[in-house]
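Required output: the full structure, derived from the provided sequences and hints.
Chains as they are written, first to last, in the numbering used here: chain A, 47 to 359; chain B, 15 to 321; chain C, 179 to 436.
Which chain A residues face chain C? A few, computed with CB under 7 Å, are given here: (1) M103; (2) L105; (3) Y137; (4) Y150; (5) S155.
In silico DSS-like cross-links for lysine-lysine, where the CA-CA straight-line distance does not exceed 27 Å: (6) C:K436 to A:K66; (7) C:K436 to A:K124; (8) A:K160 to A:K124; (9) B:K305 to B:K170; (10) C:K255 to A:K185; (11) A:K188 to C:K436; (12) B:K170 to B:K184; (13) A:K279 to A:K347; (14) A:K69 to C:K436; (15) C:K226 to B:K65; (16) B:K285 to B:K305.
To list a few chain C residues with every Cβ distance to chain B over 10 Å, as calculated: (17) L200; (18) L203; (19) E225; (20) F247; (21) R260; (22) L262; (23) D313; (24) S341; (25) G373; (26) A378.
Simulated from the structure, these hints should not be mistaken for laboratory data.
Glycine included, C-beta positions come from ideal geometry on N, C-alpha and C.
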Amino acid sequence: MAALEIIGLEKTYSVGFWRKRSKHALRPLHLAVEEGEIFGFLGPNGAGKTTTLKLLMGLVFPTSGSARILGFEWTDPKVKAQIGFLPEQPYFYDYLTARELLAYYAQLSGVPAKERRRRVDAVLHRVGLPDVGGVQLRKFSKGMLQRVGIAQAILHNPRIVFFDEPMSGLDPMGRREVRDLMEQLKHEGKTVFFSTHVLSDAEALCDRVAIIHQGELRGIGVVADLTSNVHGKVEVVWQGTRVPSSLKALEAECHVTGDTVRAVLPEENQDAAIDALRREHLRLISLIPVRASLEDYFVQKLAPREKVEGVTV
Amino acid sequence: MTAAQRTTITASVLLTACMLGSALLLRRVDQMRTGATLQDVLYISSPKLLKRVSLGYEGLLADIYWTRAVQYFGRKHMAYSDRYDLLAPLLEITTALDPHLIVAYQFGASFLAPPPPDGAGMPERAIQLVEYGIRNNPDDWKLYYDLGFIYYMDKKDYAGAAAAFDRGSKVPNAHPFMKIMAAQMAQHAGELETARMLWVATYQTTEDRQIRANALSHLRALRVDEEVAMLEKAVAQYGQKTGHLPPSMSALVVAGILPGIPIDPDGHPYKLMPDGHIEVRQPDDFPFTQKGLPPGYKPPATPKLRE
Amino acid sequence: MNARVIHIASNTFREAVRDRVLYNLIAFALLLSGAAILVGQISIEIEKLVVINLGLTAVSLFGVVIAIFIGIGLVSKEIDRRTLYTVLSRPVRRWEFIVGKFLGLAGTLVVNTFFMAMGVFGALLYLAHHFHKADAWVLVALYFIILQFLIICALALLFSSFSSPLLSAVFAFALFVIGSFAEDLRGFATMAQGGSRWLATGAAYLVPNFSALNVISSVAHEQPIPGHLILYNTLYAALYTAMAVCGAVLIFEHRNLK
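Here you go:
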């Protein structure tokens, strides 16, 4: 069973004073996420990632389309107890202490009174805030709030979690921890759906990713598949500074550095290139297939239509 | 049906029910509290204080008190009350807040001075009120007219009325009939014709619905009084001529005493009673009539005023 | 009742209690009750009158300010700060949120009024050294004042469910002023003519009726309040409040949270 199934979800906003113009925040989106997956939802800022998450959480209403979460209609109140949600740049009732906030959320999620205290303590420990449970949230730093946000999302032991930009505001150590936490969640059998514009996070973590840009799905698949399809090129390095003239015909891009030459050429021309080097008696140093990064894929998917902005790697 | 739809329907139904319920309750509360807001008037010792706490919005507050005065009188009058204790203070507060609200003085002259149930029976307070109005609006001849009216109608003080009309006739742009009134007072005080002129003038010089309706009713009553007197005179004349009472109105016409069968202001023919009296068909329609009523007639609980 | 509604209500109450602005307002109202004693001493013979009039007026005005002040922030603040997201992504229905918020604020207002009322009774006790039987009517006046607060805060909630906090405050306060003249407004309506009469009557009946809820001056004159009025006012306030909360629910139920 798919943990999440998005069926043609679409959101159009009316903008302008008379609300005559319409803005497509999300074009009809179809997507399925399997149970137990870590699914990355990628795209530059303003691509429609947050809109999608808000639609799924019932915070905004779709223009058309629907979704199923864990087999339930997504508007079904019953499904909400199985969901954890971390909004983008979360902000919480700052007059509460971290422990009070989590206890309140536990109440709302229907965690039994007997278990509440234990759960709160456990989750505070899990997100690395065991000592500040009694501190009012107004004294928390951005990174600490992000941790509280993650804590409240997993507090009630949900089957599927939705994280909107979970790494933002965290230092490198924090990112590492959150990454580990997501992997733990996966091991516990939970489904993790997270949005990010940070590609390296997605690359390291995700089973599958979807790429969205300008409200439109641009690509979806297993990371390895996506990346291998991009280039199909090999890098050939040999000693010397001489470049055989026949290589030009093989679409090789050559760079001379010191006493070696580096050439990148299409995979299918690899044998011909090696033959050419042999004929010239040049000494081959290495032959490596060029594995594209997710970033390359990203750039390729987005670039034709618009310059990529706000993508950090 | 989804949960959200259920909520929407429930909330809509509840909203409508609550709205209706609250409006119904409001009617109950209003019935209970007839005049309850007005009780406050009794606690406000001086209109001056009220003026101070109105924070410069005297005009608005005056309008509110004016509405209260009109409502109060209207409600009490409908109930055929014989006590209008709050009318004078309400009008005094209104005019203290806005001394140029001329209609309030006219209202006072029309309804503060006459004896109950047609008014509060306080001609002295009415005179005080109108005099206060004259001090604040010396150039408005209508106020002198109102003053003369009270003197004439309610105080039967014809000299006082003459003096008031005379003062008013000297105001620039005064209606010329003020001079005529002043003269009329000296010569024809107490005559129906003079009263008619005054009521006509009242009717013509105001736009207030209640005041106009009141004047119209008085004019109709005057006409009935006049015509009944005339008809009873004709009946007596017939008796002298024939030695017996006329059997019907048409007998009077046949005898050449009347030119035709007379009709009252409602359009109904006058009734000739067996004892020779004349009566109107609908006595309830003529609240101020003195004549033409059945013997022992009691006016209804709710007087009818024509608009 | 629904447990989530209660949890939301108690969290709202906790928020209000931890807000320092509230204490300033209550302190100010208490101060004014104290000042009433001074004013009362100047006007000999009517000290009690002045203390009740001024004290209850202070309670009423400051309470209204508090009701509007918190009422407008109830929903809009949660939307602005996006604290609502983590609440509504739980098994919490939108109507539960609105009703819980309202109940929390209602509780806050009752507690506030209690403290402010202590000030009034303190001033009365200082003057007379013991309580009089007629002082019980002051309690009724305070009860009516609380009913006013409930209506006002439901209205503030309603307005803030679709408009900005500042506009909501203006709307709510305007309705408070207009509602204080509701009986006169109905008077105006009956004097209107033709089609505008229906419109005016409709508007006059839709405006909250604060006239009948303001019994301060008659209480100051030790006039008894009829039992029927207490009953009707209670029912009226309940219905009107429910109406406003339903309106807020209806709007909020269909609102996209930015």
